[in-house]
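Assembling the complex is the task here: the two chains are given apart, and the hints tell you how they should meet.
One-letter residues, chain by chain:
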Amino acid sequence: SAVISQKPSRDICQRGTSLTIQCQVDSQVTMMFWYRQQPGQSLTLIATANQGSEATYESGFVIDKFPISRPNLTFSTLTVSNMSPEDSSIYLCSGQGAQASNTEAFFGQGTRLTVV
Amino acid sequence: GENVEQHPSTLSVQEGDSAVIKCTYSDSASNYFPWYKQELGKGPQLIIDIRSNVGEKKDQRIAVTLNKTAKHFSLHITETQPEDSAVYFCAANKGTNAGKSTFGDGTTLTVKP
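Chains as they are written, first to last, in the working numbering: chain U, 1285 to 1400; chain G, 15 to 127.
Only chain G is shown next, with the shape it has when bound in the complex (with noise of 0.2 angstroms):
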């Protein structure tokens, strides 16, 4: 099956500073990438998502960057801000069904004022 692997699992920036976290996945038939985020108590919220026909994605202060080839996938966070602190997760889906996904381990992001 699939496998999700994400680093780094934490991560500290100062407010300003921008934040990178990598995603590496197993199976090449994988096509959609989300990434949520989860605060404290509170289920995970989608943030962005890219599909295997496009390389980059951008939202705002967030994007994500896709390589196929290399299998990787990564979410880049620019001005962060104190409410960006939370975890992060990315996943992988092979197709339609976007809630059936392999999730990695997660990173918590911590913005120092």
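If we strip away everything but chain U, and leave its shape as in the complex, we get (with noise of 0.2 angstroms):
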């Protein structure tokens, strides 16, 4: 299967501040997606980063708080924006579609982010 990598790996941020992570895949995906998994949940839908297009978001998630890019079949980015300690999670791109398998979804590693 395709490969994720994600930076950065983990970050410690200020409240107010923003960070942006990357996730580029090492062949074109149809579809990438952001998750979000708190200390020991569950993962749960950000939205769809559309390639070349505004991304669609899930319940509870806007754009102004989470700003996503996905300028080309392989890259995509995640904004966290005006950072608050709620925000301390896992952030994880996912991506699905590669040319070895159609349907199977594979992982990054995950964005370890503490607000502070």
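In case anyone wonders, no lab produced these hints; they're calculated from the structure. The reader is advised that the hints may include incorrect statements.
Claimed, not checked - Which residues of chain G face chain U? A partial, calculated answer using Cβ under 10 angstroms: (1) Pro48; (2) Ser99; (3) Val101.
What you are looking at is a predicted structure, and each value in this text was computed from that prediction instead of being measured. Note that beta-carbon positions come from the ideal geometry of N, C-alpha and C, so glycine has one too.
Okay, here's the thing in structure tokens:
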């Protein structure tokens, strides 16, 4: 399956600042998604990153707080804006629709964010 | 929307024993059910999946069963090994967007040597 690299792997940020997380896939994928995983909990979908157009956000998540870019079929970014301690979480990028498998979804290693 | 319930939340077994994790889903339109293993500090890794047109799938020591009528599916790990210790997530998906899944809350599996 394709490999996803996320940067940074972890960060500690001051409240009120913003952090941009990068997601790079080693091959073209049809779909890319961003998830949030709070410590010890399950994965919650934030949005679908659409190539060349605005992301599609799930209920409870808005573009002003989590702007997403996807300029091509291998790269996406998620920005966590105006951070508060409640944003402390693991953020995961997921890809699906790689050449090897049309449906298998695979994940990056995650970005562990702590807001102080 | 879809709701996925997963049990148990924690499971401890002796090495060599079997482990079973069960999930139920609410949306009868769901037709793809992946299972992920997440080790500490890593992202979830797909270990097996099943589609609604089959009732069982096996891959070496891992098997998944699906009962569409009852809307539940289970993960079976036989001959468990300490390296099987991890958090396991089930998920349900309604379409070809396999990445847009609803996840269960996870099961922490501990295999004692």
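**OP:** Hint by hint, work out which the structure violates, then give me just those numbers in ascending order.
**Re:** Hint 2 contradicted; others consistent.
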